[in-house]
Amino acid sequence: MPALDHTQLHLPEPYLRMVRDVLRTHLPEAEVWAYGSRVNGDYYEASDLDLVARRPGDLSRRQTGLYDAMAAFSESNLPIIVQLVDWAAIPASFHAEIASRYVVIQPGAGSLDPAEAGKAGI
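In numbering that gives the first Met the number 0, the protein residues as written are 0 to 121.
Hints listed in this document are in silico derivations from the structure and should not be mistaken for laboratory results. Idealized CB from N, CA, C, for every residue including glycine. Treat each hint with caution, since some may be false.
For each label pair, taking beta carbons as the anchor points, the in silico distance ranges come out as [said to hold, decoys possible]:
(1) 36 x 75: 31 to 37 Å
(2) 41 x 108: 18 to 24 Å
(3) 27 x 73: 30 to 36 Å
(4) 99 x 70: 18 to 24 Å
(5) 67 x 41: 16 to 22 Å
(6) 6 x 59: 27 to 33 Å
(7) 44 x 73: 18 to 24 Å
(8) 12 x 60: 27 to 33 Å
(9) 74 x 11: 16 to 22 Å
(10) 56 x 93: 27 to 33 Å
(11) 82 x 27: 28 to 34 Å
(12) 108 x 40: 19 to 25 Å
(13) 45 x 108: 29 to 35 Å
(14) 92 x 15: 26 to 32 Å
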């Protein structure tokens, strides 16, 4: 399934700006997708934000800066919990689940257009 439009992410705009600032600082090369309840629509105000970081050029390569990003989210003023996982560290079955419904929060360096990534099964 191709990426959903960013308007399908149920997250207030000020929170999204804060999330993107952390990602640009700590994971500037990563492509980052949101998935889970804030994308599916079955969220509530205090629901966490589920994110997965990927390396578009090499999906098997782990992220550097992931732990710094997680620490920055913990120390931020965001009133929600951000769960951040590394695509290379999760099972393939979870890849399929995430890829079925996601929103691109940050396009990665060298990443495909989200529609093309969906066609490629990425």
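Hint by hint, here is what the structure shows:
no., hint, result
1, 36 x 75: 31 to 37 Å, "20 Å, violated"
2, 41 x 108: 18 to 24 Å, "32 Å, violated"
3, 27 x 73: 30 to 36 Å, "19 Å, violated"
4, 99 x 70: 18 to 24 Å, "30 Å, violated"
5, 67 x 41: 16 to 22 Å, "31 Å, violated"
6, 6 x 59: 27 to 33 Å, "32 Å, holds"
7, 44 x 73: 18 to 24 Å, "20 Å, holds"
8, 12 x 60: 27 to 33 Å, "32 Å, holds"
9, 74 x 11: 16 to 22 Å, "20 Å, holds"
10, 56 x 93: 27 to 33 Å, "21 Å, violated"
11, 82 x 27: 28 to 34 Å, "20 Å, violated"
12, 108 x 40: 19 to 25 Å, "30 Å, violated"
13, 45 x 108: 29 to 35 Å, "33 Å, holds"
14, 92 x 15: 26 to 32 Å, "28 Å, holds"
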